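**Q** Sequence:
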Amino acid sequence: MKKFLLIITMMIFICSSVEAVPIPLRGVVEGFYGTPWTFEDRADIIEFCRQNNLNSYIYAPKDDPYHRDKWRKPYPAEKLAEMSRLVEIAKENKVRFIFAVSPGLDLNYKSDDDFNALIRKLDAMYNIGVRDFAIFFDDLKDDKGNHHESGKNQAKFLNRVQKNLHERYEDVAPIITVPTEYFYLDMVKGDKVKPYTRDLAENLDPRIVVLYSGRGVVCDGITDKELVEVNKIFGREVGVWWNYPVNDYSLTPDGNRNVKLALGAIEKLPTAKMTAIFFNPMEQVQLSKIALATGAIYANNPATYNADQAWDKVLQEQFGSLAPAMKIFAEHSRHMENWWAKVGPPDAIEFATLAQNLIYDMGKKTFVDFAPLDKKIAEVDRAVDILLNRLPQTYLAECKPQLEQLKRIARADKVALESLKAGRLDPTLKILREEITANEKQAIISEEAGRKFIDDVIKFFDEQDKNSRKKKS
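Under numbering that gives the first Met the number 0, the first residue of the sequence shown carries the number 0, and numbering increases by one thereafter.
If you are wondering where the hints come from, they were derived from the structure by calculation, not from laboratory data.
Predicted model only: the values in this text are computed from it and were never measured.
Careful, some of the hints might be misleading.
Stated by the list, open to error - Straight-line distance between alpha carbons at most 27 Å, and here's what the computed DSSO-like set of lysine-lysine pairs gives:
#1 470 / 420
#2 363 / 451
#3 326 / 440
#4 469 / 420
#5 451 / 374
#6 155 / 193
#7 451 / 399
#8 341 / 267
#9 406 / 429
#10 151 / 69
#11 406 / 451
#12 312 / 341
#13 193 / 231
#14 151 / 109
#15 78 / 61
#16 374 / 312
#17 413 / 440
#18 224 / 272
#19 69 / 155
#20 341 / 231
#21 188 / 155
#22 191 / 272
#23 469 / 429
#24 231 / 191
#25 155 / 231
#26 341 / 224
#27 429 / 363
#28 420 / 374
#29 188 / 231
#30 440 / 458
#31 363 / 465
#32 420 / 451
#33 363 / 413
#34 399 / 413
#35 93 / 78
#36 429 / 413
#37 109 / 69
#38 267 / 312
#39 420 / 465
#40 429 / 458
Sequences are here, hints too, so could you generate the full structure?
**A** Have a look at this one:
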């Protein structure tokens, strides 16, 4: 017993003595497609960064025309004044305001006119107090997945910009960039580095910070081994642009965006040393703070980060007495996945497991315990009511469609469960499912948990009817 207590004491001492080693550059990149944040949103998120010991904010909204499509054009006076105020707010909060330009859509890398246009853009930002700059070349591929610029030309252009700025300004930080091939599976073919990435890496000024997004654009974590491999490719310590909780790829078939909210914790990121990490948020600024705050805990000490503990802590801090209800809602809206993206913990694991086991038991056992799932459904229904009635308007404005959709799902889940209890399908379940399906244009939630249970129960009774008809024939 004494030996056991000694081991426990030593483990506690070792864990408590692990010195926090924050990632040097850590913050938020406003890099999503869709409606850019407002001035008030940005000021709010800069203050949030200070409160959570994040030291950087990157201005890079994809649908700001002066950032991307019309990058050569100067910002209008009103917009420049707004940006100037944001830079002041960032300085007051000791947060680095990093101004980014994405010129690659039509940039002539060898043109002095284009080079000078970019320098004028950066000079205008320097004059309002910006000292950190980024030049991004992501998302430049055509419909066939091809891009038409060499890594060598991009490297030379970036080096030229870096040299120009540092010769004229002593207080400018090294440039940050995102390559055109910005995820690992796009950098390599088989066991060889592709020509674009090879040429960029071999010619790029070693001081320039390179960000990449992991194995894919949106992927299920980054291992230490994967990070080290990309470091080797670029001959430097790279940084990470992490695409969670961003949801601009959460689309309905007719193209509506942001139908699912990413409300989970940041997870599965490296403990190996890295130079930078930036979390790409949702258009929904307030609800983004759940994942962003867990990301801040990670970024300040990757070695000791625990995603579940961080998530619970953040929910309690942000929602207080509403935290239990918010946790139930958020559990059903954490996992983001489509044919090319997969990230975030599974939705409502306990609910999904109970539902799956119940369907299995219906076909195999004489006694089935409905109570655990009945309790879960009631908890979801009650949590949604609490949030719809008590959640502050700033949050409710960002999630009301999803809350209402989860309410519909809970109601249908109850009918599905009662159908199983009765041994026959209540016809209203299919009507409720049609209503849920119609509202998926505005909100998707709990696809593999509450939503799936409805389909599974209907399928269960359809198969029973099919088997019954077979026996009669």
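**Q** Next, verify each hint and record whether it holds.
**A** Verification of the supplied hints:
With a C-alpha separation of about 24 Å, the suggested pairing of residue 470 with residue 420 holds against the 27 Å cut-off. With a C-alpha separation of about 20 Å, the suggested pairing of residue 363 with residue 451 holds against the 27 Å cut-off. For the hint linking residue 326 to residue 440, the alpha-carbon distance of about 24 Å falls within 27 Å, and the restraint holds. As the CA atoms of residue 469 and residue 420 are separated by approximately 24 Å, the hinted pair is consistent with the 27 Å bound.
A C-alpha spacing of about 18 Å is found between residue 451 and residue 374, which places the hinted pair at or below 27 Å, so the restraint holds. Proximity of residue 155 to residue 193 is assessed by CA-CA distance (about 18 Å); at most 27 Å being required, the pair is judged to hold. Between residue 451 and residue 399, the direct Cα distance comes to roughly 21 Å. Compliance with the 27 Å bound is thereby established for this hinted pair. The straight-line distance between the Cα atoms of residue 341 and residue 267 is roughly 12 Å, inside the 27 Å bound, and the hint therefore holds.
In summary, the hint linking residue 406 to residue 429 is supported, as the alpha carbons are separated by about 16 Å, within the 27 Å threshold. Using a Cα cut-off of 27 Å, the hinted pair residue 151 and residue 69 holds, with the two alpha carbons roughly 24 Å apart. With a CA separation close to 15 Å, the supplied pair residue 406 and residue 451 stays within the 27 Å bound. For the hint linking residue 312 to residue 341, the alpha-carbon distance of about 25 Å falls within 27 Å, and the restraint holds.
Simply put, residue 193 and residue 231 have alpha-carbon atoms about 14 Å apart, close enough for the 27 Å limit, and the pair holds. Taking the CA atoms of residue 151 and residue 109, the gap is near 11 Å; set against the 27 Å cutoff, the hint holds. Proposed proximity of residue 78 and residue 61 is supported: the alpha carbons are some 16 Å apart, at most 27 Å. Among the hinted pairs, residue 374 with residue 312 is consistent with the structure: their alpha-carbon atoms are about 25 Å apart, no more than 27 Å.
Under the criterion of a C-alpha separation no larger than 27 Å, the hint pairing residue 413 with residue 440 is consistent with the structure, at around 23 Å. Distance hint between residue 224 and residue 272 is fulfilled; the C-alpha atoms sit about 11 Å from each other, no more than 27 Å. Taken as a hint, the residue 69 and residue 155 pair is honoured in the structure, with Cα atoms around 22 Å apart against an allowance of 27 Å. For the hint linking residue 341 to residue 231, the alpha-carbon distance of about 25 Å falls within 27 Å, and the restraint holds.
With a C-alpha separation of about 24 Å, the suggested pair residue 188 and residue 155 falls inside the 27 Å cut-off, and the hint holds. Between residue 191 and residue 272 the CA atoms are separated by roughly 24 Å; this keeps the pair inside 27 Å, and the hint holds. The straight-line distance between the Cα atoms of residue 469 and residue 429 is roughly 23 Å, inside the 27 Å bound, and the hint therefore holds. Using a Cα cut-off of 27 Å, the hinted pair residue 231 and residue 191 holds, with the two alpha carbons roughly 13 Å apart.
Taken as a hint, the residue 155 and residue 231 pair is honoured in the structure, with Cα atoms around 20 Å apart against an allowance of 27 Å. Our distance criterion of 27 Å between C-alpha atoms is met by residue 341 and residue 224, whose separation comes to about 20 Å. The straight-line distance between the Cα atoms of residue 429 and residue 363 is roughly 25 Å, inside the 27 Å bound, and the hint therefore holds. A distance of roughly 14 Å separates the Cα atoms of residue 420 and residue 374; the hinted pair therefore holds under the 27 Å criterion.
Restraint check: the Cα-Cα separation between residue 188 and residue 231 comes to about 16 Å, which is no more than 27 Å; the hinted pair holds. Distance hint between residue 440 and residue 458 is fulfilled; the C-alpha atoms sit about 23 Å from each other, no more than 27 Å. With a C-alpha separation of about 18 Å, the suggested pairing of residue 363 with residue 465 holds against the 27 Å cut-off. Taken as a hint, the residue 420 and residue 451 pair is honoured in the structure, with Cα atoms around 18 Å apart against an allowance of 27 Å.
As the CA atoms of residue 363 and residue 413 are separated by approximately 22 Å, the hinted pair is consistent with the 27 Å bound. Restraint check: the Cα-Cα separation between residue 399 and residue 413 comes to about 21 Å, which is no more than 27 Å; the hinted pair holds. A C-alpha spacing of about 22 Å is found between residue 93 and residue 78, which places the hinted pair at or below 27 Å, so the restraint holds. Proximity of residue 429 to residue 413 is assessed by CA-CA distance (about 13 Å); at most 27 Å being required, the pair is judged to hold.
Distance check on the hinted pair: residue 109 and residue 69 sit about 19 Å apart at the alpha-carbon level, within 27 Å; holds. The hinted pair formed by residue 267 and residue 312 meets the criterion: a straight-line CA distance of about 18 Å does not exceed 27 Å. Among the hinted pairs, residue 420 with residue 465 is consistent with the structure: their alpha-carbon atoms are about 20 Å apart, no more than 27 Å. Between residue 429 and residue 458 the CA atoms are separated by roughly 11 Å; this keeps the pair inside 27 Å, and the hint holds.
Every hint, counting from the list given before, is met by this structure.
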